[in-house]
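J.: If you want the building blocks of each chain, they are given just below.
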Amino acid sequence: MTSSPAVTRVLDVEAIRKQFPILHQQVNGRDLVYFDNAATSQKPLVVIDALIDYYKGYNANIHRGIHTLAEKATKAYEETRHTARTFINARSEQEIIFTRGVTESLNLVASSYGRAFLKTNDEIIISGLEHHSNIVPWQIVCEATGAVLRVIPVLENGALDLEAYKKLLSPRTKVVSVNHASNSLGTINPVKEIIALAHAAGAVAVIDGAQTGAHVAIDVQDLDCDFYCLSSHKMYGPTGTGLLYGKRELLEKMPPYQAGGEMIKDVTFAKTTYNDLPYKFEAGTPNIADVVAYKYAMDFILGLGHENIAAHEHALLTYATERVSTLKGVRLIGTAPQKVGVLSFDVKGIHHFDIGQMLDSRGIAVRTGHHCTQPLMECFQVEGTVRASFAVYNTKKEIDQLVEGLERIINFMK
Amino acid sequence: MNIEETQDAITEEFSLLDGDREMAVFYLMELGQKLPEMPEADRTEENVVKGCQSKVWLSGQLEDGKVHFIADSNTAITKGLVSLLVRIFNGQTPDAILNANLTFMNRIGMERFIGTQRSNGFGAMIKQMKLYALAFKTKMQVNS
Numbered sequence: 001m002t003s004s005p006a007v008t009r010v011l012d013v014e015a016i017r018k019q020f021p022i023l024h025q026q027v028n029g030r031d032l033v034y035f036d037n038a039a040t041s042q043k044p045l046v047v048i049d050a051l052i053d054y055y056k057g058y059n060a061n062i063h064r065g066i067h068t069l070a071e072k073a074t075k076a077y078e079e080t081r082h083t084a085r086t087f088i089n090a091r092s093e094q095e096i097i098f099t100r101g102v103t104e105s106l107n108l109v110a111s112s113y114g115r116a117f118l119k120t121n122d123e124i125i126i127s128g129l130e131h132h133s134n135i136v137p138w139q140i141v142c143e144a145t146g147a148v149l150r151v152i153p154v155l156e157n158g159a160l161d162l163e164a165y166k167k168l169l170s171p172r173t174k175v176v177s178v179n180h181a182s183n184s185l186g187t188i189n190p191v192k193e194i195i196a197l198a199h200a201a202g203a204v205a206v207i208d209g210a211q212t213g214a215h216v217a218i219d220v221q222d223l224d225c226d227f228y229c230l231s232s233h234k235m236y237g238p239t240g241t242g243l244l245y246g247k248r249e250l251l252e253k254m255p256p257y258q259a260g261g262e263m264i265k266d267v268t269f270a271k272t273t274y275n276d277l278p279y280k281f282e283a284g285t286p287n288i289a290d291v292v293a294y295k296y297a298m299d300f301i302l303g304l305g306h307e308n309i310a311a312h313e314h315a316l317l318t319y320a321t322e323r324v325s326t327l328k329g330v331r332l333i334g335t336a337p338q339k340v341g342v343l344s345f346d347v348k349g350i351h352h353f354d355i356g357q358m359l360d361s362r363g364i365a366v367r368t369g370h371h372c373t374q375p376l377m378e379c380f381q382v383e384g385t386v387r388a389s390f391a392v393y394n395t396k397k398e399i400d401q402l403v404e405g406l407e408r409i410i411n412f413m414k
Numbered sequence: 001m002n003i004e005e006t007q008d009a010i011t012e013e014f015s016l017l018d019g020d021r022e023m024a025v026f027y028l029m030e031l032g033q034k035l036p037e038m039p040e041a042d043r044t045e046e047n048v049v050k051g052c053q054s055k056v057w058l059s060g061q062l063e064d065g066k067v068h069f070i071a072d073s074n075t076a077i078t079k080g081l082v083s084l085l086v087r088i089f090n091g092q093t094p095d096a097i098l099n100a101n102l103t104f105m106n107r108i109g110m111e112r113f114i115g116t117q118r119s120n121g122f123g124a125m126i127k128q129m130k131l132y133a134l135a136f137k138t139k140m141q142v143n144s
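Residue numbers (our numbering), protein chains in the order written: chain P, 1 to 414; chain U, 1 to 144.
These are computed hints drawn from the structure, not numbers from a lab. Computed from a prediction, not measured in an experiment: that's the story for all the values here. Don't take each hint at face value.
[What the hints assert, rightly or not] Computed footprint of chain P on chain U; a stretch qualifies when at least three of its residues, placed anywhere within it, have a C-beta under 8 Å from a C-beta of chain P: (1) 19 to 25; (2) 74 to 80; (3) 111 to 118.
[To be verified] Just some of the chain P residues that point at chain U, by a computed CB distance under 7 Å: (4) Thr-8; (5) Asp-12; (6) Met-358; (7) Arg-362.
Virtual Cβ for every residue (Gly too), placed ideally from N, Cα, C.
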């Protein structure tokens, strides 16, 4: 995890925890320990209140109505776009398209860009670290266009093999699509370098930022990526929304992904003209309430500061790595030098389902299984792992509880 | 012991755990450890129970009109779960198994401590055992 200790400020985690009502409950008779943040993060009061305020105060359909509520809802919806532009440093708000989240963003790019611009024997490069949502949409495009999928191999420590990537690149490469950080292992990929290499080969670069939005500062202009995808629900925001950033010149030439209201300028039975960006890609009534509240989640992150969040989570990851790796039979999976707060491991002779269930009985929520990355699991020759993933509200004390739970099951099973 | 009596006994044992989920999980794992080992040769793809998230192998035999199951699982908790069913059904007639009304799961509040996914898998195990019983019953009718 990149952290610059000179400028970071120590966060008041107890004060932060107070803003997350869900954390203050007992699960199976014990204080909840929520370590499934890579799957979805919990929501602070500001986000919950924004949802309530919207439905209580100004729920209306946006962009078309002229009445006061519609004006208010439209303004709030567009304010999120404004905040999102700042959040990722896009050039313009027209480059921010609201989607249901990373999965839809990737499908949008694969389907719209892929089908319009890819042809037989063109190559798409993804990596061995990808979530199924950054594999399957490209496989579907390959089937439709005759393009071919290539995969950057993963090194033993869970980092990408960049030398192998360089060898995969060729004039046939048209798209490179990788995650900024791996959901299963936590590896932070050197995306700036990956993007520059893709561009040098004449390809567009797509970045899945599902695991970075809440943890790593994102500057799409500095990265120079062509597309960047985010999910609100992994960034302390509501479920069911997220965004796609795309460079304007690319979005302009891409055909619409879905059709309906909102995305059109004029419709006649003879011909329809499409709306301008970003609305060309936002067909139908969008997820207004969740988009409105998403702004508050981004403001929450910006208020704490990515570098401070990263420093706190890095400290948690370091502590958890030290403690968990000394337990009998534990093998850490993913030990790349740059990681977000994800600790994936297996324990010799104990199935990950049993560990997950056992920890749950002690109020500890972890993820077990293949984490929607079956090819990656195959590469490490495991069926699945136990994954503890950290957020800004987690504490060292909670890691102690995890270790205690693990010790109990390991002792029982030996 | 008939099926009802075994169900009562299981309910009684779990009631001692006083609703403590962690203890229930450990107890299930202990029960699984006591399950007679299933020979490697029986852990075939054919014997895998479909519909379980964990891998569960199950095979049954008919001896003197009574059914005998052996089972195994790759996860300790599921092995404990299947051991409960083996305990309830072993030594019973195909008819008794087919007519059995399993109530102990609700009585011990099993879904609460194993979750919905494992409960669905548990249903698949019961179904598979009843299918064995039906096959044995048919076989007995043909032979008689």
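J.: Hint by hint, say whether it matches the structure.
T.: The hints, checked one at a time:
no., hint, result
1, 19 to 25, "holds (count 5)"
2, 74 to 80, "holds (count 5)"
3, 111 to 118, "holds (count 4)"
4, Thr-8, "38 Å, violated"
5, Asp-12, "32 Å, violated"
6, Met-358, "5 Å, holds"
7, Arg-362, "6 Å, holds"
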